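> Starting from the known structure of chain A, fit chain B onto it as the hints suggest.
Number of protein chains: 2
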Amino acid sequence: MSDGAVLALSGGIGGAKLALGLSRVLPSGRLTVVANTGDDFEHLGLSISPDLDTLMYTLAGLDNPEAGWGRRNETWTFMAALDSLGGETWFKLGDGDLAVHVERTRRLRVGERLTAITADFCRRLGIGARLLPMSDDRVRTRLRTSEGWLEFQEYFVRRRCAPEVREIEFAGAASAEANPAFLAALAEPRLHAVVICPSNPFISVDPILALPGVKAALAKCRAPVLAISPIIGGRAVKGPTAKMMAELGLTVSAVTVARHYREFLDGFILDVADAPLAPGLDMPFTLAKTLMRTLGDREELARGVLEFADTLREKARG
Amino acid sequence: MSDGAVLALSGGIGGAKLALGLSRVLPSGRLTVVANTGDDFEHLGLSISPDLDTLMYTLAGLDNPEAGWGRRNETWTFMAALDSLGGETWFKLGDGDLAVHVERTRRLRVGERLTAITADFCRRLGIGARLLPMSDDRVRTRLRTSEGWLEFQEYFVRRRCAPEVREIEFAGAASAEANPAFLAALAEPRLHAVVICPSNPFISVDPILALPGVKAALAKCRAPVLAISPIIGGRAVKGPTAKMMAELGLTVSAVTVARHYREFLDGFILDVADAPLAPGLDMPFTLAKTLMRTLGDREELARGVLEFADTLREKARG
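Going down the list, the protein sequences come from chains A and B.
The numbering of the first sequence is the working numbering, which starts it at 1 and goes up by one.
The numbering of the second sequence is the working numbering, which starts it at 1 and goes up by one.
There's no promise every hint is true.
Claimed, not checked - Quick look at which bits of chain A chain B covers, simulated, 3 or more residues with Cβ under 8 Å:
(1) 40-46
(2) 80-91
(3) 97-105
(4) 119-126
What the hints assert, rightly or not - Away from chain B, derived, C-beta distances all over 10 Å, residues of chain A:
(5) R71
(6) R109
(7) P163
(8) A187
(9) L191
(10) P212
(11) G280
(12) L287
(13) E300
To be verified - Partial pick of chain B residues on the chain A-facing surface, computed with a CB cut under 10 Å:
(14) M79
(15) G87
(16) E88
(17) G96
(18) D97
(19) V102
(20) R104
(21) T105
(22) V110
(23) E112
Derived by calculation from the structure, the hints in this document are not laboratory data.
Since the structure is predicted, the reported quantities are computational estimates derived from the model, not experimental observations.
Yeah, the Cβ is synthetic: ideal placement off N, Cα and C, and Gly gets one too.
So that you can see chain A by itself, here it is in the shape it has in the complex (with noise of 0.2 Å):
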């Protein structure tokens, strides 16, 4: 493995997951992973980042493992006084997890930027990987569904991704600048790898690569663009996008995926399940466990995909 960089593009639980795997087998400071804020919010008079709170919590090691998104060893006193109160609760807001929330939004209302507010939050949790949203400016994701347009929240978490999807939209993605340091990182000659993690490619990725310029940029880009399906066996490990996936008229396959993404990928990552479909990819691959139950099978992943890079690189050398 060279000393380069390596810069990772995740969603929430399943990107959350390898991200953490890269950060423990990287030596520190050569990780950077972009977060797709596309899911962001205001609920509440809150700015609330899903995404890159899951993100921050994972690699803080504050994640709560069994919810998938929160914090270990919350409390709910908040929520059931709101409740008393007559407020909102159908998203639910632990107490730890408002700190967050509450001082971002006090930061962000006195000027500061998301990505000063994110990098001092990780300081201050002692997270050695930098973490990155996908941008200061608004973008959010919109579905248009058997129920009409509904905000990403109002779809995910209080109608729990029930109505049909039939378009998605990333408002103010256009006009949006990607993060300079995203940029940056995509052209340093030192890059390693970029890995995109296996997040729902239409709601977690798409918002990163609707910003102008992230597609050409990962196209041009000298280091092996990777990616990991999170999809299985024809099923999505967790979350909408097998459902998503059938509801928008494509093959439910990891395949699918590939060609998603077949603009600028240099190399997919199949799961060890879906070696039949191997035949249908026509672009470098490999074989892994792509399920992360453990920690250990989050290293051994992120593992595999740093080799996977070292091989793509070996072979544009040769």
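Just chain B, lined up with the frame of chain A:
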């Protein structure tokens, strides 16, 4: 006791004790409590109303009797998490308490009035008394001290009342509108009594009196206006009242409190321990046990105050 309404003016803890006593001895719907909002402030982006909340929690039976502020059965996960993020922790916000601040702030931001929000919270918490903020407009108590001008909570909580007080101002009071429901209650012909609770006259009651029209309405009011001293035996029951009086060059005595209200006061409730001071009062008075340790004490003082009001009304008629 007549069937008229009773209006109480109150700050936080001391006043809230008597307000609770009144709420328990009066039939439902007969008590209106006007709360000081001069010590309200914005903190962490939240609108916080300490006296209003102490009254609300006390009247709802949700108060923390040990602390004298905040809620019982409170948890502190938010503060611990905020501390780990480098947030300001000098003002303690419990997890349940936070729900009031977050939801109130949200509703204020969408244009609701503090009076309406408070009424809705009280209804949901099962409070029978009517609780009114003194005004829906912003009034802020500021103190000129040995360390310069300080915002109220900076002085009271952050500096723990240590700086010497030289002057007190209620910024915004002159242009604020007293709560119309408060002025209407004062003008109500069937008003039975106005009770100035044993709160700090200078920082808890004076902000209410500084609102345009309030002193004149109290002077014109047909019901007797009574006050209970927060000073017993030359000492404050709780808080900085005595220290502040001394710093302002006043004699630390219940008589000073009675004189402070002399423009509109019809009767004074003197603690039994202060009986020797009675000759110094140039107004009707009664003796009572004003130190409220138990719930029974609160009810007994409330009954004593209402009976005293009856006597004064009969005198006025006779």
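> Of all the hints given earlier, name the ones this structure violates by number, lowest first.
5, 6, 23
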